[in-house]
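Visitor: Protein chains in written order, with this note's numbering: chain A, 57 to 434; chain B, 57 to 434; chain C, 18 to 355; chain D, 18 to 355.
It is worth saying that the hints were derived from the structure and are not from the lab. Bear in mind the structure is a predicted one, so any value in this text is a computation, not a measurement. Among the hints, erroneous ones may be present.
What the hints assert, rightly or not - Straight line, CA to CA, 20 Å or less: simulated EDC-like cross-link-like pairs of lysine to aspartate or glutamate:
{"hint": "1", "chain 1": "D", "residue 1": "Lys-237", "chain 2": "B", "residue 2": "Glu-261"}
{"hint": "2", "chain 1": "D", "residue 1": "Lys-237", "chain 2": "B", "residue 2": "Asp-189"}
{"hint": "3", "chain 1": "C", "residue 1": "Lys-237", "chain 2": "A", "residue 2": "Glu-175"}
{"hint": "4", "chain 1": "A", "residue 1": "Lys-220", "chain 2": "A", "residue 2": "Glu-175"}
{"hint": "5", "chain 1": "A", "residue 1": "Lys-194", "chain 2": "C", "residue 2": "Glu-231"}
{"hint": "6", "chain 1": "B", "residue 1": "Lys-432", "chain 2": "C", "residue 2": "Asp-235"}
{"hint": "7", "chain 1": "A", "residue 1": "Lys-432", "chain 2": "D", "residue 2": "Glu-231"}
{"hint": "8", "chain 1": "B", "residue 1": "Lys-432", "chain 2": "C", "residue 2": "Glu-231"}
{"hint": "9", "chain 1": "D", "residue 1": "Lys-237", "chain 2": "A", "residue 2": "Glu-175"}
Stated by the list, open to error - FRET-style restraints, in silico, Cβ to Cβ:
{"hint": "10", "chain 1": "A", "residue 1": "Glu-249", "chain 2": "C", "residue 2": "Ser-142", "range": "28 to 38 Å"}
{"hint": "11", "chain 1": "A", "residue 1": "Glu-93", "chain 2": "C", "residue 2": "Thr-58", "range": "42 to 52 Å"}
{"hint": "12", "chain 1": "B", "residue 1": "Ala-90", "chain 2": "D", "residue 2": "Ser-74", "range": "58 to 68 Å"}
{"hint": "13", "chain 1": "C", "residue 1": "Gly-240", "chain 2": "B", "residue 2": "Glu-375", "range": "47 to 57 Å"}
{"hint": "14", "chain 1": "C", "residue 1": "Ala-28", "chain 2": "B", "residue 2": "Ala-236", "range": "44 to 54 Å"}
{"hint": "15", "chain 1": "A", "residue 1": "Asp-189", "chain 2": "B", "residue 2": "Arg-426", "range": "25 to 35 Å"}
{"hint": "16", "chain 1": "A", "residue 1": "Gly-260", "chain 2": "C", "residue 2": "Asp-25", "range": "41 to 51 Å"}
{"hint": "17", "chain 1": "A", "residue 1": "Pro-85", "chain 2": "B", "residue 2": "Leu-319", "range": "32 to 42 Å"}
{"hint": "18", "chain 1": "B", "residue 1": "Glu-322", "chain 2": "D", "residue 2": "Arg-45", "range": "38 to 48 Å"}
{"hint": "19", "chain 1": "A", "residue 1": "Arg-73", "chain 2": "B", "residue 2": "Gly-324", "range": "48 to 58 Å"}
{"hint": "20", "chain 1": "B", "residue 1": "Pro-86", "chain 2": "C", "residue 2": "Ser-142", "range": "49 to 59 Å"}
{"hint": "21", "chain 1": "B", "residue 1": "Gly-324", "chain 2": "D", "residue 2": "Ser-74", "range": "38 to 48 Å"}
{"hint": "22", "chain 1": "B", "residue 1": "Glu-83", "chain 2": "C", "residue 2": "Glu-75", "range": "38 to 48 Å"}
Each residue gets a CB set at the ideal place from its N, CA and C atoms; glycine is no exception.
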Amino acid sequence: MDLTLSPSEEAFRDELRAWLADNHPGEDPPDDDAAFEHRRVWQKKLYDAGYAGFSWPKEYGGRGATLIEQALFGEEMARAKAPSPANVLGMVMGGPVVIAHGDDTQKERWLKPILTGDEIWCQGFSEPESGSDLASLKTRAVKSNGEWVVTGQKVWTTYAHKAKWCMLVARTDQDAQKHAGLTYFIMDMEQEEVQVRPLRQITGEAEFNELFIEEARIPDENVVGGVGNGWTVAITTLMHERAGLGASAAAGMRIALNELGELARERGVTDDPVIRQRLAQLAIEVELLRLNAWRGLTAIMKTGIPGPEGSVVKWQWGELNQSLTELAVDILGEDGALWDSPWTYRFLRSRANSIEGGTTEILKNIVAERVLGLPKLR
Amino acid sequence: MDLTLSPSEEAFRDELRAWLADNHPGEDPPDDDAAFEHRRVWQKKLYDAGYAGFSWPKEYGGRGATLIEQALFGEEMARAKAPSPANVLGMVMGGPVVIAHGDDTQKERWLKPILTGDEIWCQGFSEPESGSDLASLKTRAVKSNGEWVVTGQKVWTTYAHKAKWCMLVARTDQDAQKHAGLTYFIMDMEQEEVQVRPLRQITGEAEFNELFIEEARIPDENVVGGVGNGWTVAITTLMHERAGLGASAAAGMRIALNELGELARERGVTDDPVIRQRLAQLAIEVELLRLNAWRGLTAIMKTGIPGPEGSVVKWQWGELNQSLTELAVDILGEDGALWDSPWTYRFLRSRANSIEGGTTEILKNIVAERVLGLPKLR
Amino acid sequence: MNFDFSDDQQAIKRTAKDLLAARFTLDRVRELAEGRRYDETAWTELCELGWPGIFVSEDNGGQGLGIVELVILMEELGYALAPVPFLSTASAGLALELAGSDEQRERWLPGISSGELRATAGLESNGEARLVPDADAAELIVLLSRDGGRVLERSQAEVEPLETIDATRHFARVRGEGGEPLEGDTSAALDRIVTAIAAELTGVCQRTMEMAVEYARDRKQFGRPIGAYQAVAHRCAQMLLETEGARSASYYAGWTADAEPESMPQAASMAKAYASDAGWRVTASALQVHGGIGFTWEHDLHFFLKRAKADGILFGSAGSHRERVAELSGLAAEPAPA
Amino acid sequence: MNFDFSDDQQAIKRTAKDLLAARFTLDRVRELAEGRRYDETAWTELCELGWPGIFVSEDNGGQGLGIVELVILMEELGYALAPVPFLSTASAGLALELAGSDEQRERWLPGISSGELRATAGLESNGEARLVPDADAAELIVLLSRDGGRVLERSQAEVEPLETIDATRHFARVRGEGGEPLEGDTSAALDRIVTAIAAELTGVCQRTMEMAVEYARDRKQFGRPIGAYQAVAHRCAQMLLETEGARSASYYAGWTADAEPESMPQAASMAKAYASDAGWRVTASALQVHGGIGFTWEHDLHFFLKRAKADGILFGSAGSHRERVAELSGLAAEPAPA
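Just chain A, same shape as in the assembly (with noise of 0.2 Å):
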């Protein structure tokens, strides 16, 4: 057991931070255009540096990074608060999907531009009948001279307006078993037969979007994985999703949790005992989020496969979100009704942390089936 990080660790870190000291864009702008361009600009900017898909292998214009060395980026980017760059989800979810289930042209047209943000994908899972249930999508694609045409809803949508391609799962079988039926494609997103309507949360804002599609067209080149398996593709593109999680989200609360203890000095409540009580713990969850992720990415490197350690580390991350900015609403007392307060809006979004990226229960299912080998729920 080591926890310290060894000297080429320690050089990463140490260059990646100073890196970040001198090139750190400053927040978004308030307006919603001009944040994705200012996001736009800093992906131009990561890639640059050979930041931008710092876990991909070499040959596909990556940094074939180390583990540790992804989770020591989650945390600097997070300590840093650096905004997500512009094609977040084809970095994390896109690329590494095609890297390992494309074909070579597939490879050589998608992969590069992801990187330097030139293109910007978004991810068509959700629709609005099946949240939990993935294999019950009812988007279908049907194939007619060659191409596939499209007809359905998709819902959850982020960065839709601004993608240029979508990664879909439809289904290509009516007939076939839930799972069996579906296929992952590509979806260009510049055709009129997609429709991007934007979906406004209870915050105000509006991160996500529907997509409405009415016989949009893709070329058969444009299914990864072959026709009928976009049922793997996609738990591969959702287990990439948690296991790269856990670093970045702790390193993101310990920010949290100063902020709070910040906020409970200003307000003159630190000598509490209550107050003092749910800081510490606090504190101490947001510890072991750390632990419990850094506990997980050891694990992963014994045994080279993401496993379903990740599914704890979202639950956990999702109810400690929650409880942090609950306490700092209880904190700001008639304060914590204003609207216009950035605690406010932490804590209205952080309900949507035990949903979005599988619910709470789900992920609890996964735990008690694949982790305790409980007998699958009925």
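Go by the hints and put chains B, C and D onto chain A.
Guide: Leaving out everything else, chains B, C and D in the frame of chain A:
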């Protein structure tokens, strides 16, 4: 809405309170057998004063009390910390079942000795393999020469070693659907074919017993409610058990809360804000238990039927008693680990509150299905 | 001993429910909330029915009914999430009715009861009231604390309108010197105000529980209604437990106000503490049951969730009312001197 | 960066697990607990293996290993619920190792490391230590507080044996004047002791979680294993979360003791606070999963449940360690002067 007592209700309560002040038998002696005799004497005293079988119709030797009077009776008994009379199961479950489902001969034979305490009753529902799942009972009764021959095992039987009669549910039809093949018997405990083994609990006591039944005999006239109707008869018993719980459980919790306040004062922790918040929360929940119980009673008076509300009160009481005794043990600090402390006993004993008389999981199922109308759980 | 409403009270409840359902469909509530407006027409109608003065004596233009009747109206207003200035008006009325002199009551209560005088009340602490409903539109602002109160004309008050999370109600921050003192029992007034808020929270809980249960019956995942999964079903059962708890607590507090005032201070703080927690937990649970759709602006749930949070904060948090319960109950009192 | 044990540490863990499983079947644990006895033969064997001195320097008869190795042993001792006087002996050893003078270490540590000297340590407050493991059988009793400590011979101490809920461990209350002062860092010793207890709680959590999961797989109700119901399955998932949390916290605290002592005070209190809560919640949850059978004396679960509760109390409750985290973390510190 009138939450005061009517003059006649108040008179009844005052009379009972005065009687209890004069006749309270004192605490149970420590020895188990002596404690039982103490409770048997107490039963007789209640009978002589006309308080035994208080809710039973007058024609069967009861007092035909209103629901309000029954609730007041429970409150006053709890308030006075009166011991539970020796034949409580006979009075709360056995008698009402015989009155509701028995024939005249059965009523003639069994009811009076229940009230006097001359014949103690126990309950044989649960089995090791069927805790919450009553319909899966395995104890078998086979008819042979006009009598029933019973073989099986029962568990969680209070006072089995003192009882003359056992309310026994056994399977009389192996081929019928689970619920359908059950029959409700009154079994004579005074036969060698029934062996009683005390079941020690984590508190060190043996409140309960196991019954080992090896070809015990039950005459046909001891079937209650008809062969094959055991399920319905048993459910009546359980509904009566839960409906009656509210007011006296709330009164008991009120006393426990006061004792907890006393403990907090003794230990000098009443100015600790964390303790104050926990005490206040308990005070609120104790009050709500009382109010919910009375609201439930109002509903029963209106509809005439004990509804599923009893499940809410039972669930609420179990959680509340667990929280209350946990706070007591926390206040005790290092003395909370002492085996001979009454609070430690109550703390350990409270772990059964979410299991006995319907597990919290089952009670929540009942609330979800029967109160909220959610689909049957699978 | 009877926990049921009288026939008259039941009639009030039924009428209120039906009327509010007709005037405040969820589409209408949304329209008003998004415009940050009240429904003045409906408000006039409620005033004509005598709602603002329901607990005010007939001599002063009220209906001469009790706090139980106020509790009934508040529960239904919460259930409907009606954007009308009822709470502010009733709070001012309670302050004057309980803590005002005869002269003050005669001067102001008739206007408040008829709805002609716009008035409100807020909890003052350290020289300001940080969250006062409808203060910007009020002609009369009552600032209350447990120790006393005073009545300010609008012109005497510095009023800063606030945009809060609860778009179905308007708020402002109020400062101001002077005003006319209220020399009666302001604590009694505050107890009634928080009881009213607890009742409103009960209605909010009831409504969002119904929404969650309905959704859990309809929404299918993995081939069956999500309400058939214990994780969802038990969550709904917990919502019922807390909703019924808030209801018992606010009904009881209302009853003590009318029939057993010596029990009211504790009953009121118990109701506000419990209902504040329940309000947040039940509405947040309803959101979780709904999943993603519950997090969207286009679903109506969030208006209730935000009302619940704001109500929980208003006139004292759960924690502050628990502290008051600890005091009043004598549970955490110092040991008596030996 | 590597959270895994070294090969040597893994060997220690494996050996400990196998040995304890062989010596302490649950039947054997029950027999000892019901007789309120320790297994002296097995204890001699553990002493011969050098367990009591695992962290003691070789010069003083120990193995010269670290706190991580102690954590490994404690976790396995908790998992096995082995009734042996290990915690008391190790606590005394830690107190002397960390807070003793060279002379004191040389005088006592060799005997403690070999098991020849029976010793213990307790947390003193207001002139007494209310819960000291194995004090009655100890020749040497160390009383510790955050400010200092002292070593008493058995004859100097007033020892009152206690019967506690934890039948697998013996306790006594200790008072006594005088003794030989410990002038070193008693706080560092206490940090290591509570880390050891957190590790033991991790083992207790792990074992009872395994028991619950196994039961949930086997036990059928309504025609299927109870582990197929979400209420049970999600409860088990929660047990995993808390067990892994206790493990991360105690491993980390152990590592800081050896490699980053400046982080140890906070890490130790975090571990004790979290593991104390987790210990109780996980074991109580395991009981609930078992239903009635889990409440019987004849089932082994309650021995673990009671150990968890006693461990949670020993050397400071969760609440008191959280308060220490609040202090040490600087989170709840007063604002720096402007």
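Visitor: It remains to establish, for every hint, whether it holds in the given structure.
Guide: Status of each hint after checking the structure:
For the suggested pair Lys-237(D) and Glu-261(B), the alpha carbons sit about 28 Å apart, so the restraint of at most 20 Å is broken. About 9 Å separates the Cα atoms of Lys-237(D) and Asp-189(B), which keeps this hinted pair within 20 Å; it holds. Proximity of Lys-237(C) to Glu-175(A) is assessed by CA-CA distance (about 36 Å); at most 20 Å being required, the pair is judged violated. Distance restraint check for Lys-220(A) and Glu-175(A): the Cα-Cα separation of roughly 6 Å lies within the 20 Å cut-off, and the hinted pair is therefore satisfied.
A hinted pair counts as satisfied when its Cα atoms are at most 20 Å apart, and Lys-194(A) with Glu-231(C) does not qualify at roughly 23 Å. For the hint linking Lys-432(B) to Asp-235(C), the alpha-carbon distance of about 13 Å falls within 20 Å, and the restraint holds. Between Lys-432(A) and Glu-231(D) the alpha-carbon distance is near 14 Å, which keeps this suggested pair within the 20 Å criterion. Distance hint between Lys-432(B) and Glu-231(C) is fulfilled; the C-alpha atoms sit about 14 Å from each other, no more than 20 Å.
Distance hint between Lys-237(D) and Glu-175(A) is unfulfilled; the C-alpha atoms sit about 54 Å from each other, more than 20 Å. Under the hint 28 to 38 Å, the C-beta atoms of Glu-249(A) and Ser-142(C), about 59 Å apart, miss the expected range. Distance hint check: the CB atoms of Glu-93(A) and Thr-58(C) are about 46 Å apart, consistent with the given range 42 to 52 Å. Distance hint for Ala-90(B) and Ser-74(D): a CB-CB separation of about 60 Å, consistent with the stated range 58 to 68 Å.
Checked against the hint of 47 to 57 Å, the C-beta distance between Gly-240(C) and Glu-375(B) comes to roughly 33 Å, which is inconsistent with it. At about 47 Å, the beta-carbon gap between Ala-28(C) and Ala-236(B) stays in the expected band of 44 to 54 Å. Roughly 27 Å separates the CB atoms of Asp-189(A) and Arg-426(B), a value that falls within the hinted 25 to 35 Å. Between Gly-260(A) and Asp-25(C), the C-beta spacing of about 43 Å keeps the proposed range 41 to 51 Å intact.
For the pair Pro-85(A) and Leu-319(B), the beta carbons lie near 59 Å from each other, so the given range of 32 to 42 Å is not met. Checked against the hint of 38 to 48 Å, the C-beta distance between Glu-322(B) and Arg-45(D) comes to roughly 41 Å, which is consistent with it. Range check, Arg-73(A) to Gly-324(B): about 51 Å between beta-carbon atoms, so the 48 to 58 Å window is met. Restraint check, Pro-86(B) to Ser-142(C): a C-beta distance of roughly 55 Å satisfies the suggested window 49 to 59 Å.
In this structure, Gly-324(B) and Ser-74(D) meet the distance hint of 38 to 48 Å, their C-beta atoms being roughly 43 Å apart. Evaluation of the 38 to 48 Å hint for Glu-83(B) and Glu-75(C) yields a failure: the beta carbon distance comes to about 57 Å.
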